[in-house]
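> From first to last, the protein sequence lines stand for chains A and B. Note that the first sequence covers residues 28 to 277 in my numbering. Note that the second sequence covers residues -16 to 44 in my numbering.
Treat the hints as calculated values from the structure; they're not laboratory data. It is possible that some hints are incorrect.
Stated by the list, open to error - Which chain B residues face chain A? A few, computed with CB under 10 angstroms, are given here:
{"id": "1", "residue": "Ala(-14)"}
{"id": "2", "residue": "Ala(-12)"}
{"id": "3", "residue": "Val(-9)"}
{"id": "4", "residue": "Gln(-8)"}
{"id": "5", "residue": "Phe(-3)"}
{"id": "6", "residue": "Ala1"}
{"id": "7", "residue": "Leu3"}
{"id": "8", "residue": "Met4"}
{"id": "9", "residue": "Val6"}
{"id": "10", "residue": "Thr14"}
{"id": "11", "residue": "Gly17"}
{"id": "12", "residue": "Ser18"}
{"id": "13", "residue": "Ala24"}
Claimed, not checked - Pulled from the structure, derived: some chain A residues nowhere near chain B, Cβ distances all over 10 angstroms:
{"id": "14", "residue": "Arg102"}
{"id": "15", "residue": "Ala160"}
{"id": "16", "residue": "Glu193"}
{"id": "17", "residue": "Asn222"}
{"id": "18", "residue": "Ala228"}
{"id": "19", "residue": "Ser263"}
Unchecked claim - Far from chain A, by Cβ distances over 12 angstroms, these chain B residues were calculated:
{"id": "20", "residue": "Met(-16)"}
{"id": "21", "residue": "Val(-10)"}
{"id": "22", "residue": "Leu37"}
{"id": "23", "residue": "Val38"}
{"id": "24", "residue": "Pro40"}
From a predicted model like this one, the values you see are computed outputs, not experimental measurements. Built from N, CA and C at the ideal position, the CB exists for glycine as well.
Chain residues, written in single-letter form:
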Amino acid sequence: MHFKSMGVAMVTVAAVALTAVPTALAADGTSGRIQRVKDPVTGIEVSLSQDRPGTVTVEARDASVSVRRELARDRMQTIVTTAAERVVLTVDAAGLSVTSGRRQVRVSPAHPEAGADIARLLGTSAALREADALLSRVKMSAASPVGHTLNLTRAFLLSVAGKGDEATAVAQAARAQLQTARVIEARFGPDDCWNEYVREAVSAYDEYVDCQSHTVLDLLNSCSIIYDMRAIGAFSWWVSCVGLSGASRL
Amino acid sequence: MRAVAVVVQLLISFVLVASLMPVVLVTVPATQNGSVGPPVALAMAIVAFVVVRLVWPRHKG
């Protein structure tokens, strides 16, 4: 049971690490950027911040509990804080270290048997139960990096607390959300407007040249009239297509 | 009256640019690029407007 839980924990850690590395790499050079969202219904505040270059922090908190996950190049730290308890879980090259109150347990790949101690230590933790309840109420899509990180954090906390089946269910639900097809609004930007216009304008010109070469006597000047109508129509369409937002790019 | 004249001048400039732009796009293919063409169109519109204003008949007071 405990070994199964630890196995899920390791898989979760690997998944988070895989998602964390590109995020941390991409975050280099943009130190200090903070995004914060507060759900008015649940009161949960979710924030994404970067206190140091290469370190990204995702935090979910409400009035009673805070779950903070720090993703750095060489380690990943999860901190659960309530009024009465503080649990720190650190994953680095040496393994997994858990500190709860004055107790500290470390499990390494060479000594996985300490995993049972961790599950025993955290299995009764009220802070972890509150953290689980908090994260289960977060309504962010798993398709977003922050939502995905929080889902995996929840799976990680459940697995280290010895609740392997629940952890697996959370991880599977997150994976299913990622694999669900989503409808995304297509965007038609100013460049697309210009490309469409160029296609129509060049076509109008080609048609005019073709018309001129095949018409012997154009008394009504029909080639020019058709060309002008197409050219003016296409240009008007482009102006309306780019609109006010596109005008700033001119 | 003056405002109406400006609107008409703008419309004439617009039609001039709209009619000339396909020719420019074909003869100078670089303007087909999204980053080059729109500024060229805008510059042409400004030049056309200035020219139309210069040749616009004025009443001698």
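> Please confirm whether A/Ser263 is truly not at the interface, meaning its C-beta sits more than 10 angstroms away from all C-beta atoms of chain B.
violated (7 angstroms)
> Have a go at the B/Val(-9) hint: is there a Cβ in chain A nearer than 10 angstroms to its own Cβ?
violated (16 angstroms)
> Under the criterion of a CB-CB separation shorter than 10 angstroms, is B/Ala1 in contact with chain A as hinted?
holds (4 angstroms)
> So A/Ala228 supposedly isn't at the interface. Is its beta-carbon more than 10 angstroms from every beta-carbon in chain B?
violated (4 angstroms)
> Can B/Met4 be said to touch chain A, with a Cβ gap under 10 angstroms?
Holds - the Cβ of B/Met4 comes within 10 angstroms of chain A, reaching about 6 angstroms at its closest.
> Mind checking the CB of B/Val6 against every CB in chain A and telling me if the closest is under 10 angstroms?
holds (6 angstroms)
> Checking a non-interface call: every C-beta of chain B should be farther than 10 angstroms from the C-beta of A/Asn222. Is that right?
Non-interface label fails for A/Asn222: nearest chain B Cβ at 7 angstroms, not farther than 10 angstroms.
> Minimum C-beta separation from B/Val38 to chain A exceeding 12 angstroms: can you confirm that?
holds (20 angstroms)
> Per the stated criterion, does the least C-beta distance between B/Pro40 and chain A lie above 12 angstroms, as a non-interface residue requires?
holds (24 angstroms)
> Identify whether the interface hint at B/Gln(-8) stands, where standing means a beta carbon of chain A within less than 10 angstroms of its own.
violated (16 angstroms)
> Was the hint right that B/Ser18 lines chain A, CB cutoff 10 angstroms?
holds (8 angstroms)
> Is it the case that A/Ala160 keeps its Cβ farther than 10 angstroms from each residue Cβ in chain B?
Correct as stated: the minimum Cβ-Cβ distance to chain B is 51 angstroms, above 10 angstroms.
Hints 1, 2, 3, 4, 17, 18 and 19 from the list above are not met by this structure, while the remaining hints are.
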